[in-house]
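> Residues per chain are reported as follows:
Number of protein chains: 4
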Amino acid sequence: MTAGSTIDPNHPAFAHIPVWVQEKLSPKAVETIKKVHDWVENECIPAEPIVKAQIELDKKTEWKTPKLIVELREKAKKEGLFNLFLPKSFGDLSPGLTNLEYSCCADIMGKVYWAAQTMNCHAPDTGNMELLAKYCNEGQKKKWLLPLLNGETFSAYSMTEPDVASSDATNISCRIEQDPSDPNMLVINGRKLYGNCKWNAELGFYILMACSDPNNPNPWSRHTMVIVPKDTPGFRMVRNLTIMGYDHAPEGHGEYLYTNARVPKENIILGTGRAFEIAQGRLGPGRIHHCMRLLGQTERAYELALLRATDPAKKPRGKLIGAFDSNIERLAHIRMTLDALRGVVLNAAHTMDVRGNKAGKYAIAQCKVLVPAQCAELIDECMQMYGGQGLTQHTPLPEMWTYARFVRIADGPDAAHRHQVGRDEIKGAGRVRERHEGYRERYRELCGKWGVEEETFGMPRDGSGSEKAGIMRTN
Amino acid sequence: MTAGSTIDPNHPAFAHIPVWVQEKLSPKAVETIKKVHDWVENECIPAEPIVKAQIELDKKTEWKTPKLIVELREKAKKEGLFNLFLPKSFGDLSPGLTNLEYSCCADIMGKVYWAAQTMNCHAPDTGNMELLAKYCNEGQKKKWLLPLLNGETFSAYSMTEPDVASSDATNISCRIEQDPSDPNMLVINGRKLYGNCKWNAELGFYILMACSDPNNPNPWSRHTMVIVPKDTPGFRMVRNLTIMGYDHAPEGHGEYLYTNARVPKENIILGTGRAFEIAQGRLGPGRIHHCMRLLGQTERAYELALLRATDPAKKPRGKLIGAFDSNIERLAHIRMTLDALRGVVLNAAHTMDVRGNKAGKYAIAQCKVLVPAQCAELIDECMQMYGGQGLTQHTPLPEMWTYARFVRIADGPDAAHRHQVGRDEIKGAGRVRERHEGYRERYRELCGKWGVEEETFGMPRDGSGSEKAGIMRTN
Amino acid sequence: MTAGSTIDPNHPAFAHIPVWVQEKLSPKAVETIKKVHDWVENECIPAEPIVKAQIELDKKTEWKTPKLIVELREKAKKEGLFNLFLPKSFGDLSPGLTNLEYSCCADIMGKVYWAAQTMNCHAPDTGNMELLAKYCNEGQKKKWLLPLLNGETFSAYSMTEPDVASSDATNISCRIEQDPSDPNMLVINGRKLYGNCKWNAELGFYILMACSDPNNPNPWSRHTMVIVPKDTPGFRMVRNLTIMGYDHAPEGHGEYLYTNARVPKENIILGTGRAFEIAQGRLGPGRIHHCMRLLGQTERAYELALLRATDPAKKPRGKLIGAFDSNIERLAHIRMTLDALRGVVLNAAHTMDVRGNKAGKYAIAQCKVLVPAQCAELIDECMQMYGGQGLTQHTPLPEMWTYARFVRIADGPDAAHRHQVGRDEIKGAGRVRERHEGYRERYRELCGKWGVEEETFGMPRDGSGSEKAGIMRTN
Amino acid sequence: MTAGSTIDPNHPAFAHIPVWVQEKLSPKAVETIKKVHDWVENECIPAEPIVKAQIELDKKTEWKTPKLIVELREKAKKEGLFNLFLPKSFGDLSPGLTNLEYSCCADIMGKVYWAAQTMNCHAPDTGNMELLAKYCNEGQKKKWLLPLLNGETFSAYSMTEPDVASSDATNISCRIEQDPSDPNMLVINGRKLYGNCKWNAELGFYILMACSDPNNPNPWSRHTMVIVPKDTPGFRMVRNLTIMGYDHAPEGHGEYLYTNARVPKENIILGTGRAFEIAQGRLGPGRIHHCMRLLGQTERAYELALLRATDPAKKPRGKLIGAFDSNIERLAHIRMTLDALRGVVLNAAHTMDVRGNKAGKYAIAQCKVLVPAQCAELIDECMQMYGGQGLTQHTPLPEMWTYARFVRIADGPDAAHRHQVGRDEIKGAGRVRERHEGYRERYRELCGKWGVEEETFGMPRDGSGSEKAGIMRTN
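In order, the protein sequence lines correspond to chains A, B, C and D. Using our numbering, the first residue of the first sequence is number 1, and each one after it goes up by one. Using our numbering, the first residue of the second sequence is number 1, and each one after it goes up by one. Using our numbering, the first residue of the third sequence is number 1, and each one after it goes up by one. Using our numbering, the first residue of the fourth sequence is number 1, and each one after it goes up by one.
Pulled out of the complex, with its shape left as it was, chain A reads as follows (with noise of 0.2 Å):
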């Protein structure tokens, strides 16, 4: 049973959501996106610069959690707004939404950076909890997903390497072995950036893909996949990353040393050489929730710049800035684009719930490639509306932009999406070909029934090889 009839399409949370996905929320569904607009409207976006003011505060002394986002966790878990993107199969723990629901959900989160955050659906630890209960045993379950299931500690994803191409994962070069000196240990060397910010108080442990066996033949088997403990001796933060100048703090973004870092062996997860297997589990729909919330993120953007244009103070040449046909094109181009791409990423996440993980790979990769640059260029026409302002901190508008810059290369460049997708693509080109070499069989027949003499185009009648390589028009 849907809800979609029940629903006020003039409601905030709804009125960007297409029909046909309103028609799909079940009762639950409408109940708690309107919390979570609800909860978005009232307790993040007023609480925006307390936040900021709570963080830069306590950097002076460590990297933490703000207060403000520390007691809405509380709240959230309360009222049953924490884990809203855990699927069915966690049982009781998963509000038991869809992932085209939950991403009505993420796309309100998506107004303030650390919304997500406030009800433990952020990144990485998402994704982390999912390989996490796919992949572990019960007694790692109970060590490490636990307390992230409760809130009570942070993890991190570390995969990319600074020393070669890591956006082909095969070329990992940060290497794991046996310690010689004791058998239920591992010894680490190398290099990582992207990982979270050690300084952050809360984080708990890392999620490391390293090369374990450099040697076998089969480059999908070299690595594994272990869980670093923030403390672990010989690990070392060399300096926390920005981005675009952001330091992101408190999360940070990490740049990292393992220098003979020793991990227990029990901490391998699934089992030596199986990185590969468990990377290709994750691919699922955590890899669009950066997208999900970058939809809301621009839809704040626009209202921002519909503020700006109707602003009464702002009147360059005598007329408000609405009333210049150039803003009221520039307003139209953005609503419609924005609304173009929440169909994508909402086709995406249907296409997984129906279809499953595997077969919604190209439409995950459709997203990440149309997402966060097209968001990027309309969060940036936003901006240029608010002029000088536009880009200092009077506006939420750099730091969203740059949020959206980012996620054009977390989880891979967008040139490496086009590139899988269109080799895909080629490789299916030999039906196309098939079909079209019908048609030229077709095309003789009716030549022959009207009378008309068969034309070629470019190439030999003969019936020589090039002449099926050069199948054009329809002949």
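Simulated from the structure, these hints should not be mistaken for laboratory data. Accuracy of the hints is not assured; some may be wrong.
Put simply, identical chains are the same to the list, so a pair is met inside one copy or across any two.
Only pairs whose alpha carbons sit at most 20 Å apart, straight line, appear in this in silico SDA-like list of lysine to any residue [stated by the list, open to error]:
#1 Lys-28 to Glu-266
#2 Lys-60 to Asp-247
#3 Lys-59 to Asp-247
#4 Lys-427 to Leu-320
#5 Lys-315 to Asn-218
#6 Lys-449 to Ala-53
#7 Lys-52 to Asp-247
#8 Lys-449 to Glu-41
#9 Lys-315 to Ala-169
Chain A is fixed; fit chains B, C and D onto it per the hints.
Frame of chain A, contents of chains B, C and D only:
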């Protein structure tokens, strides 16, 4: 009951239809889509050069529907593939497809420019049939609508003018007046562009929008729609208009001169001065039929690009064109953008199904702005992959590009649609502003609670006028 | 001596020529530019529809140069406006203009598609004349070059092939062989695209590039250039190729079939196997003549857009089209982009003047990549400002767009030029790397001096291989 | 005498300077350019991380010019590399470079954000020095200008306001009034954005534009410019403004509040109500200094991209990044676009040299519209080639992008410049229309001569009003 589960997702008629749409297709629609698919694959694509040859031959004597199409129309009628676009309100004549279902059919029809015509689903007749069905009296319906439905004649729509900015239809200046010498007759004087070509032997009549009462204080009551039979004396075609050089025979696009042309008063539709009322009613699904077909056309352009990329005879620098990663990424870009546009069109169709044409207004504009411009770009990339050949008649790509370019101005240039959407958005900005003002109050509360000094960004704190205007951030 | 100071900067022939170019014009060049300007303004632009009418009439019987153009060619010859492109090396035949000066002339000629032809400055004859002058023996020159210079005949260049990827010319497969039955004759077999149309009555001969020695280990010595007279038996035109639907009569573009076509051996240019040597020599200013003319053509498109913007009869929503700020900005965008492109072309012309054709290679590629694609976009924007009329024969804009689009592939698709430049840049990256490695040493010195700890970014400090590789920042 | 012929075209300081510019460089300029080149290569690029470290350290106590820059400024002064931008009108202080020559220097300086400052060529002081030199009396010059020229202090320019649309400067509302209690003093009240940061210890004074006579019927006489010393009571900095998150220490960008701030009347520049006169005079070469430097900055971004493309440690899918043809084409695109933009800037500089600042207005606007937006895009492509690292402090690319983005709004958003150019073009459309009307008459003559019927396109032949309006084609 839907047939989603019975669809083979690899069937080429469904492979690019989103899951959510597949789920909504009735068994009858699934069957119809398959039939349309087979029809286009077997009867249309392979027949393209034959139709082209017949048209060229015919043009030497008379512009008329080529024999192959005439035969296909007869056959389509027998096989129940005629008038597929007709909504249920047409009773038995209607095949009972929803807009969403018809969209899947039209998408496929789009693969060949004239395929829609073989099924009597071509513009402008589809829009005209809806108009006549909705606004004509019984006598008019019998005389003008029935022959169209039966496929016995064709019609034109005549609105654009060369002498004024008719994209703003209140400017339309072609005059229609009472004939001083005959109370049952009207006299028309003026110039029109873009009604179909009079040279077309089968064309029966024009639906003309003209100015009957230029001094009416209400600009929306100054115009009248009237049926003008082709052989009306005083009604002359000055020339056939080419579109980017194409004559589009045998339909064509005429430039017309009315010099004291006389038509019977009984040909007025709905009533004098009610043209805008009718024009409003015409703003339904027919407005996106072009966009639906552009999808299929771009799909076919993409298939041609795939073939070129894998043509074993074409190896610049020794590699297949599709072995260059720039082309791999290009193909992926086309595939993904095209599918995103398909989502936009299907969403518009479904929105009209569920919420009605009026609620679909925004989604229609979204189609008209995003689809033609982007499809033209995608087809252009396909052309470029064919090198010099791409621009010649060796491929249908130049005609495809031209059609997409044409739709960017048909039914109004895209700027006009952006303008309409932008103005509506600005009208609704008040609600957004209200919400944002709520943030400010809540922010103050939270400042109190957390002991944080209230921040102002670029605005005085004294509550003066610009404070509200200046709401940016959240406070 | 230059005439820069004597130029009236408001004269329409000079208004958009940069100051630095004006300064370099000789008095003779200034005078010639003015004459070309008056010629195009008085003899060409107003005659456009007449030429069109004459061509249409001629086509019913024979494709030939329209009478008006024939007359203008006679007149231009008398007035010294013939063969303006000829460099000084042609002696008395040359008007003595630099490439830079000729560029200013060609820019103006570009306003009308056929204006260059009235001055015998049209492609492909300009390139062919240079080729023949440079590589033919005296007998060949007398027979083939002189009639071209005198304007008594026309020529074609035949290189592109339908069956291979001929943008990589080493793939050219059309075969030229010794005639086994006659030692003085050659036999040709193969297919060609894009030589001018044989239907053109005045066309005299083709310069053909074909494969004479497919097994030569040096791929650059396998091909030969030969002159093929139009009436050669065994040489057949399959069809005239249209470009985006335009037949480009009377020049046209042919698709050709050679079936044992026999030409005298004496028609070989320079020598067997030396086609690439000749092709290299052809890579001079002639390669950017199209780009020069595209500037003038886009200038005229822009003028038409300005006229539309200020047309008092066109008032959507009650205002001139040019009163909408979106159009004001659009016009500025076109104006500024066009002038930037003009700077690119003029710079390329001047670079060849001073440094020679080889040094100008990069600047030529820059023209070919930037100018056609961007001019096509600019013209497209002008078209859109005309609404529905913009795509019809009411304006010359569709033909202009098509010409710009054509030049994107003429003499190689833009991707090929980008590829060439990119590879050259990568070849030169060693020097850049060396310089950057110098920064590192200096940085270390400065660290010492200022007592700052050396930073490493994503690289080990141990001097291992990746250190040099990883140079990013400055250290 | 120029030194064009003595230049080594492979010297990295000249490699990308067009030939026409090289020809115009005086021997002194050639020498200066080389010195600037060596200076930036040896003193600035390798010192970047040290300056960064010094700034971070300084910020803990006081914002001030880092010691390394202080030392370089001393050294540059001694070596004659100080105040290079000063035109000849500054007498002995001026190095005598033309704008064109200075542009070549500034291009190189742009490679490092703070390099211009080491030579006292940084904004906004360059513009301020010109302003003070041009409009101040001798006493003012001695007090305010001399210390700037000597590099003893820094200055700010204060114009933008948060409360109005100050991109239209007639809106500026910050009030400056006679002090009722002291005839020699003025009182200022209002808010300003974007003057440099007051925290900067070396900052000496602000040039403020404020409203002195709001009711003056002439809106261009309502404003006054006045010098505001940094320590003026009642003049408070609210916060440092970040630009896309960067604090731009130690210069910064302040948000300011004037609350009954009092300055001596003698600080008025030129006279009460003459601010626009001064602002006009400021519109010279200083307006494109940012654009000049953006070229060098983008050049350096491009070099970093080249390094990444050829980094032997980075091999996705087993190949160098620069072995992928998509990247080869990308690099070519950046190279060619950057050089085209360089042409635009150099042309603007030269136009001002020869024709004066007023004639250069269009060329200035062309720079400001085309250069920052396109440089930002090019830098963004370089960033993306670095994958995840590209957004971090591992490369200077994020700061480079931010600077380019900032210049899109500095001195007015690009839309404002487009608007200005577009309006000027439309004003000049009358001349174009006149010319086009001439075509029509000539066309009629030619129709007569050639016996061709006159064509009309979309317009009546009866000479009525719209005939002229409707001129399209040529008739």
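> Indicate, hint by hint, whether the structure satisfies it.
Each hint, compared with the structure:
1. Lys-28 to Glu-266: neither (40 Å within a copy, 58 Å between copies)
2. Lys-60 to Asp-247: Cα proximity of Lys-60 and Asp-247: in one copy and across copies (14 Å, 17 Å).
3. Lys-59 to Asp-247: both (11 Å within a copy, 17 Å between copies)
4. Lys-427 to Leu-320: between (54 Å within a copy, 13 Å between copies)
5. Lys-315 to Asn-218: between (66 Å within a copy, 18 Å between copies)
6. Lys-449 to Ala-53: between (81 Å within a copy, 14 Å between copies)
7. Lys-52 to Asp-247: both (12 Å within a copy, 16 Å between copies)
8. Lys-449 to Glu-41: between (69 Å within a copy, 17 Å between copies)
9. Lys-315 to Ala-169: between (53 Å within a copy, 11 Å between copies)
In this structure, the one hint that does not hold is number 1.
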